[in-house]
Amino acid sequence: MFRLAARSVQHNPKRLLLTAFAVALGVGLIAATHIFTDSLDRGFTRLFGEIYDGVDVIVEPVTSDGDVGDPTSGDSVGKDLDDAVVQTARSTAGVELAMGSTEAVGALIGTDGETLAGGSGFGPPTLFFNWTGVEDFDSATIVDGRAPEGDDEIVVDVGTAEAHGLTVGDQVVAGGADGTYPSTVVGTASWGDGNNTQGATLVWASLDRVRELRGGGDGWSVVHVRVDDGADAEAVAVAIDDRLPDGVRALTGAAKAEEQAASLGEALKAVDVFTLAFAFVALFVGAYIIANTFRIIVTQRTREFGLMRAVGVKGQQVRTMVLAEALLIGLVASVLGILLGYALAGGIIGLLKALGPGESFAVPIIPLDAVAWGFAVGIVVTVASALLPAIHASRISPMEAMRDAATQNRRGLRMRNIVGGALALAGAGLTTVGLYAGLERPYVYVGAGAVLLVLGVTLLAAQLLVPLAYGMRDLLARVWRVDGRLAANNIHREPRRSANTAAALMIGVMLLALTATVTQTVKSVAADAIGGQFTADLMVVSTTVPGSADDAVVADLASVPDVRTVTRSASLDARVDGVLVPVTVLDTATAEEAIAYETEPAFAEIDGGVFVSPSAIEAGAEVGDTVTLVGEDGEVTLEVTGEYPTSGDGDYFVDFAQAERLGTTIDVWQYSIVAAPGADVDHVRADLEDLVATDYPLLTVQSPDDMLALANQLIDLMLAVITALLSGALVIAMLGVANTLLLSVTERTREIGLLRAVGARRRSVRRMIRIESVVMSVFGAVLGIVLGVALGVALIRALEEFGFETVTIPWVLLGVYTVLAILAGIVAAWWPARKAAKLDVLEAIAFDG
Amino acid sequence: MTTTLTETPRTSVAVAASMRGGAKTYGDGDAAVRALDGVDVDIAIAEFTAIMGPSGSGKSTLLHTLAGLDRLTAGDSWIGETRITGLSEDKITQVRRDKIGFVFQAFNLIPSLTARENITLPLDIAGRDIDPDWFGEVIAILGLADRLSHLPAELSGGQQQRVAVARALVARPELIFADEPSGNLDSRSGGELLGFMRRAVEEFGQTIAMVTHDPTAASYADRVLFLADGRIVDEMREPTAERVLDRMKQMGH
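Sequence order for the protein chains is A and B. Everything in the first sequence is counted per this note's numbering, starting at 1316 for the first residue and increasing by one. Everything in the second sequence is counted per this note's numbering, starting at 992 for the first residue and increasing by one.
Hint data in this document are derived by calculation from the structure and do not stem from the laboratory. One thing to keep in mind: the hints can contain errors.
What the hints assert, rightly or not - If we take Cβ atoms under 10 Å as the criterion, some of the chain A residues that face chain B in the derived model are: (1) R1618; (2) G1621; (3) R1710; (4) S1712; (5) P1713; (6) R1800; (7) L1801; (8) V1894; (9) E2066; (10) R2071; (11) G2074; (12) R2078; (13) D2155.
Glycine residues also receive a C-beta, built at the ideal position from the N, C-alpha and C atoms.
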């Protein structure tokens, strides 16, 4: 059977070409994701190894959860270490040298006030370290000049020096959360092997200066330990760890590097899952095309199968043969796909390297999981999709061999409609349950529901297409005469095939429409929130490291002429009943001058109590109850004095006086500024900008419009990323349209020949195929838009408690998608139309169909 | 009207289609097959011409090249006054559309179109108006009035071929080419179909050129041309089935 299958594929490879390509594209996306993240993973593992290369043991603070913070940024969540910890490490047997080290996130500013590196915004951090003088601990060697000695001396890494043209003797300003410090560049240093900083800016300064930049204190971020010659680092780490107090731990440098690599691996796994989801969408779309192709091929080979059955081949053997063909296609496509994925990932990495930010990537290889996933998914999807057509083939009776090939198998659509309706209903039901029932892991229900809904609608689409194609027939016939009428007929003739083809496109467009609906709604909600809620004239915000809660900052900002009110929005984590919860801290007396909160009662009446959000209420807090918040170094028991209307902005709301009693660092994210009545806001802004540029380089001044623009930019970026990831599925859907048309052109060879014989021009034949393609594409797009918007609205409704009260339908984008569908239809028809038009009239008439 | 192989000037008398020195070669070198080997022929207006010959004699090739479905390797051919050799593909298609009707042996109809739509297909393609009186007349003669809304699959083989004839007639072409139109039909339906075609010639003055290998079918024609090895070897006026059969036997058929 397998040999027969191979012969069949070999005999007519063209009709399976597009199918194989569709599978390969989906597999390629999966493989590319794995190859991409594998390369990044290995790149960063190398980096972490370099960071901890010379450090035998490292002592660091941890929270009571054992959390050590984000490994890719410079800060850790624990408290600073005190000198006693350094002493403990130093006095442990086997320790040769132990030194504290402090680091701070800051900014490097030119003397003209222009920020050179760091500060507000996104991108790699600017990190300040104290120079220990121990090469292993500093991980750096001086290239030019000398090490920093005085507090106003700094050393910058050679990459930064080159990027900003800094040389020994240049004047710069070091900026931290609390202030700025004029400094002199006294040297440049190369970090690790070859100063491979992944884009970060590294600055070494005196211990006192780094502590100042860090916001004060006399603790250490970390203690580096070198063990005696011959001592076992691991044993020493255990020995130190045993003697350390709670909240501090010791581990070997190698273990730390491994831990960070693993932690990054986890983060990359999330990236994997995210992109794999899109690859699976692409393959889901691909599955439609495979099923459709095999269905058409089986129909075309009805006589052949009938003949086989007549000469004694069993139905089961026919089925095996079709499945063997699918297996073969799956195998070939998977190999192609994996290679395609390698090319894709390698291309992107190469591009990133060429553009700059690609240093983190190791040379891409094809990891085992890419191969395993590629083959598994490619083969399973192909064979599973061919299952129904294979069963259909196995049921062909030997009588079919005798029958006229033109006789069409006209099974009714009733069964299909019943199954389709049931699936659609079940899908809609599951989606509703997932969205509204508040079950655990609702996305499982929503996802499964959406898949069922799509399958159901696909099946129903066959029924929908009949009246639709007929309804359009008159219109098409009026505009394009015979070409239009024939195109409509062709769609209507094979409702299953047309529906499946349109459905492939429908899925891609549905997800686009869903994303567009959600993002547009988020945009308009953000616009409402910022435009309606923010009565502040300006916001001073911090985007890299949290701003200081120090009253001095407020006083400085308030000292700018025409500033009437400065009110802070901040956050911290505290425990309620042992669970870590987000707490929002506000200057409650003035908060409502800047932001129109819809609390009950107003924040001004908080009266030293706590306000609760819907999610806190769900957890059991009610007005009149008391809630105990436990911080790092203290706890408060507060009366619940009001309610905050939406979730997502923090669970509990307190004022600064209560928050300070918790002993947890309060992270200020925004200082809202209300100008005096009649003041020129532009003037105030300019003054504020001057102030933060010199004194608080990590802060920026923004207007509500700026914030809205930034929010929109982020939302648009998300939409663009999702659209790009969905484009794989859309390309596959287009291949599906092309493939269906191509196979149907083969099927209609005689018909097209006849049309040509009685006077249809090539142009006219081409146009017929094109109309057919465009109608199918538009039909798929419109169905997709309807489904996508409906799902989007359902999703938004389910998120009502997060402030999504209105739905914005993205009409413009939906229009764009429809126009793109028309273009896609034209493009997809190109090859089939060409093939149809090129048919030789005589051969077509003589074609033995 | 000639059966000689010498160059004959085209007459200006009523000729619907003609060919001079028509040659058609398939393949190259040793493998070359001369399907037509210098054919001169005129198809007279308002006549029913049958083209006969054994398998491989080139009769289908003659029909296809006369109709502009295929191109001659050498020589010229005309539809009416239009020389179609040398015309572009699009121009030939237009000539076919405006001046020629076709009836094939099988697969004459577009399966997705009703009988009526199939009949008006050439007019629809050309964007020409349908003359309802003429349409009614043709339909009445062919007995298709109650079959117009049926799809081809719902018609018998004889009915399908009659729809094909109706389609050829409705556009009022200068010339109808028929390729074994009764080849797939039982003798009664075949006879009926050929009878209709005969009537079309007599009553409407329709010109028809038909390829067949069936002497009975040929007997419906005004004139029979005999082809052998790509040449016209004989012709016969007012044929009967017996005479045609005899002639064929002489040709070794």
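Each hint, compared with the structure:
1. Hint status for R1618 (chain A) relative to chain B: violated, with the closest Cβ pair at about 16 Å, above 10 Å.
2. With a cut of 10 Å, the hint placing G1621 (chain A) at the interface with chain B is violated, because the nearest CB-to-CB distance is about 19 Å.
3. Because the smallest distance between the Cβ of R1710 (chain A) and any Cβ of chain B comes to about 22 Å, over 10 Å, the interface hint for this residue is violated.
4. At about 19 Å, the closest approach between the beta carbon of S1712 (chain A) and any beta carbon in chain B exceeds 10 Å, and the interface hint on this residue is violated.
5. Nearest Cβ of chain B to the Cβ of P1713 (chain A): about 22 Å, over the 10 Å cut. The hint is violated.
6. Hint on R1800 (chain A) holds. Least Cβ distance to chain B is approximately 7 Å, under the 10 Å limit.
7. Residue-level restraint check for L1801 (chain A) holds (minimum Cβ-Cβ distance to chain B is 7 Å; threshold 10 Å).
8. The restraint placing V1894 (chain A) at the interface with chain B is violated, with a minimum CB-CB distance near 67 Å, outside the 10 Å limit.
9. Taking 10 Å as the C-beta contact cut-off toward chain B, the hint placing E2066 (chain A) at the interface holds, the least distance being around 5 Å.
10. Look at R2071 (chain A): its Cβ gets to within about 7 Å of chain B, closer than 10 Å, so that hint holds up.
11. At about 3 Å, the closest approach between the beta carbon of G2074 (chain A) and any beta carbon in chain B falls short of 10 Å, and the interface hint on this residue holds.
12. The restraint placing R2078 (chain A) at the interface with chain B holds, with a minimum CB-CB distance near 8 Å, inside the 10 Å limit.
13. The criterion of a C-beta within 10 Å of any C-beta in chain B is met by D2155 (chain A), whose closest approach is roughly 9 Å, and the hint holds.
Taken one by one, the earlier hints fail for this structure at numbers 1, 2, 3, 4, 5 and 8, listed in ascending order.
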